[in-house]
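**Student:** If you read the protein sequences in the order shown, they are chains A and B.
If you read the first sequence in the numbering used here, its first letter stands for residue 1, the second for the next number, and so on.
If you read the second sequence in the numbering used here, its first letter stands for residue 362, the second for the next number, and so on.
Careful: at least some of the hints might be erroneous.
Straight line, CA to CA, 16 Å or less: simulated EDC-like cross-link-like pairs of lysine to aspartate or glutamate [said to hold, decoys possible]:
#	chain 1	residue 1	chain 2	residue 2
1	B	K591	B	D654
2	B	K555	B	D386
3	B	K462	A	E245
4	B	K657	B	D646
5	B	K587	A	D241
6	B	K462	A	E340
7	B	K555	B	E445
8	A	K344	A	D116
9	B	K564	B	E445
10	B	K462	B	D503
11	B	K465	B	D406
12	B	K657	B	E561
13	B	K462	A	E263
14	A	K35	A	D350
15	B	K591	A	D241
No lab work stands behind these hints: they were computed from the structure.
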Amino acid sequence: MTSRRGFIAGLLATGLAPAPSWADLGGPAFLAAAKDPGGRYLLAGLSETGALRFTCPLPGRGHAAAAHPHRPEAVAFARRPGRFADVIDCRDGTHLARLEPPQGHHFYGHGLFSRDGSRLFTTENDYGSGRGVIGVWQVTQGYRRIGSFASGGVGPHDMLLRHSQGGDQLAIANGGIETHPDSGRARLNLPQMRPNLSLLSLEGEVLDVMELNQELRLNSIRHLALSSTGILGFAMQWQGDPGAELPLLGLYQPGAAPQLLAEGDPRLRNMRGYGGSVAFAADDQSIAVSSPRGGLVQVLDTHSGEIIREHMLQDVCGLATANTGLIASTGLGQILALTEGTAKPLQHHDLAWDNHLIRLT
Amino acid sequence: MKHLLFALAASLALVTTSARADVVDEILDDQILPAMQALVDSSQDLAETAGRTCQPDAAPLQNAYSQAFDDWTRVSHLRFGPTETDNRAFALAFWPDSRGKTPKTLAKHLRDADPALLTPQGFAQSSIAGRGFYALEFMLYDASFTSAEPAEYRCALIATMAGDIATTAEAIQQDWQQSYAAQMRSATGRYQDKTEVKQELFKSLNTGLQMLADMRLGRPLGSFDKPRPKRAEAWRSGRSQHHIVLALQALQPLAVALAQDDDDLVTRLEAAFQKPILRALRLEDPSLAGVADPAKRFRIEALQQEVNDLQALIESDLGPALGVLAGFNALDGD
């Protein structure tokens with residue numbers, strides 16, 4: 001009897017089959033890590049309206065993921081201090097490869113593919129030196145590690161691929177917080193902490209470094225979003241005393257000064273100092289930031305910088321751009337469309353959705 | 362003896378009734394609505410008193426302020442619905458004020474002495490940092506404001522601020538009376554079912570405890586090497602310790618009501634509240650200045666620990682009973 005996989009392999013060998021693509025999956029639009037009721041961790045593919053397209057088990061708690069631009073392959077990253085990144089065939093959940101960070105490094109939970117899909121970049125901690133590192137992996141050689149370079153700061157977390165006239169760039173949120181696996185998630189360098197948003201070439205050349213004022217140096221720049229015109233949205237997490245009144249969201253157009261949003265709006269306090277995920281709405285007119293600690297999403301006008309509305313959602317964290325605007329996920333299993341005014345439940349899964357919803361481009 | 366028996370019978374009757382009554386109705390009718398009404402009444406009294414006298418040290422004014430601020434503190438954890446419309450809660454209570462916006466705003470008001478600010482509409486549109494109980498505290502208790510010039514304008518500003526507090530309290534109460542209480546009872550619109558309503562109430566319980574541990578206690582405690590007594594809540598009027606007691610006393614019946622018929626949990630919750638309430642009452646440190654005194658500091662730290670224990674108990678034992686699981690994303694960040 002010929003198995004389906006064997007049959008496809010045969011076709012591939014004869015060069016008759018088209019290369020597999022994301023279309024084979026019935027169009028998943030998002031990736032997200034989750035925990036099931038049995039306490040098992042997994043990576044899931046979701047449709048534009050939040051329906052499950054596939055799930056694939058993970059050996060530990062995941063965080064974010066990266067999708068290959070052409071092949072239906074995704075890399076699920078372990079939550080920091082991550083010891084694995086699993087490459088998954090999203091057609092059937094087959095485990096294709098496991099990436100392990102080099103000795104003395106751990107993953108931070110985010111990464112991305114180059115636009116041609118030939119290379120994978122991962123945010124890492126070289127914890128002996130406390131240096132932030134971007135690991136480079138050759139996809140076409142079975143995800144072989146081919147090098148690394150400095151991330152431009154300490155504690156690189158989220159990272160996005162940004163197109164510019166000079167070519168593609170890595171936009172890296174260097175959160176500024178030094179940790180060491182021996183001391184768990186403890187923050188080791190608050191007195192010296194200085195986060196930044198760095199732009200690097202794909203070869204590791206530093207093109208631009210954005211730092212906020214000294215008084216915001218304890219505001220860890222952690223997560224990023226990219227508008228269709230190349231503006232970066234950055235969400236922050238305050239590491240200083242609770243109760244400080246601070247912006248948690250900013251916009252940055254390289255070459256111009258960063259713009260901090262909703263500064264002075266007392267509703268910023270509802271976020272409890274914690275921006276969890278950030279995403280632009282489909283039309284770029286608004287940008288959203290989630291706070292699982294505050295149990296809400298704030299949607300802000302990208303022009304005025306003002307808070308337009310708040311969606312109160314228990315344990316919300318994942319946010320992504322959706323065709324209709326914005327989509328959110330919660331630790332209670334909900335997937336919601338954040339349309340005007342109300343949060344409209346799309347799906348409820350018996351899963352605890354983890355921090356991020358990753359849009360497949 | 363007869364009295365005692367009667368009281369005993371009455372309290373027994375109360376217990377049986379409340380065990381049968383809907384927990385949401387009970388919390389609304391016995392706690393939230395009366396507490397909101399008390400805030401409206403005392404805020405109205407504050408506005409009237411401030412209209413008659415603006416002498417910062419006048420006993421009637423200080424008493425009226427104290428009563429209204431007490432009543433706000435008792436509902437300060439109910440941060441959903443009516444308090445969030447038009448930023449009403451912030452208009453009553455802009456604290457903590459890490460950037461010192463409140464004194465800056467008030468100083469500007471006095472410098473500008475703009476008559477338009479003294480109208481209810483004008484004031485309602487002014488910076489939120491200059492409104493509410495914490496701003497009024499500066500005007501009544503901070504030496505740089507109590508005799509600030511121009512005296513006539515200062516006097517009128519105090520009356521305007523008090524009137525604004527009354528208006529805001531009234532607006533909150535109106536929403537509760539006219540729609541929000543009914544929405545919580547019916548649980549068919551804003552809340553899809555009674556579980557969601559209970560979860561909202563549970564969240565407000567947590568909000569109150571977190572505010573207590575992190576803000577009311579945590580901010581002045583700072584660290585051992587760097588205590589921050591001037592960050593204590595309402596230290597100018599010596600209300601810091603008092604607010605801790607008020608908050609705990611307001612949160613206890615809410616927690617107990619949410620625990621419903623689980624007698625064992627009710628007993629444990631009452632014990633877990635009683636410890637910090639007694640400790641807070643015995644602090645003898647109205648403004649929490651003791652955070653900077655090693656001999657007194659440990660008592661405030663012990664109080665914070667008891668509040669943390671209380672939070673842990675509520676999260677582990679009360680939450681699951683209400684279908685609230687520890688937040689997968691909310692608990693620890695990344």
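**Student:** If a hint holds in the structure, say so; if it does not, say that too.
**Tutor:** Verification of the supplied hints:
no. : hint            : in the structure
1   : B/K591 - B/D654 : holds, 13 Å
2   : B/K555 - B/D386 : holds, 11 Å
3   : B/K462 - A/E245 : holds, 10 Å
4   : B/K657 - B/D646 : holds, 9 Å
5   : B/K587 - A/D241 : holds, 12 Å
6   : B/K462 - A/E340 : violated, 32 Å
7   : B/K555 - B/E445 : violated, 21 Å
8   : A/K344 - A/D116 : violated, 36 Å
9   : B/K564 - B/E445 : holds, 15 Å
10  : B/K462 - B/D503 : holds, 15 Å
11  : B/K465 - B/D406 : violated, 28 Å
12  : B/K657 - B/E561 : violated, 37 Å
13  : B/K462 - A/E263 : holds, 13 Å
14  : A/K35 - A/D350  : holds, 9 Å
15  : B/K591 - A/D241 : holds, 14 Å
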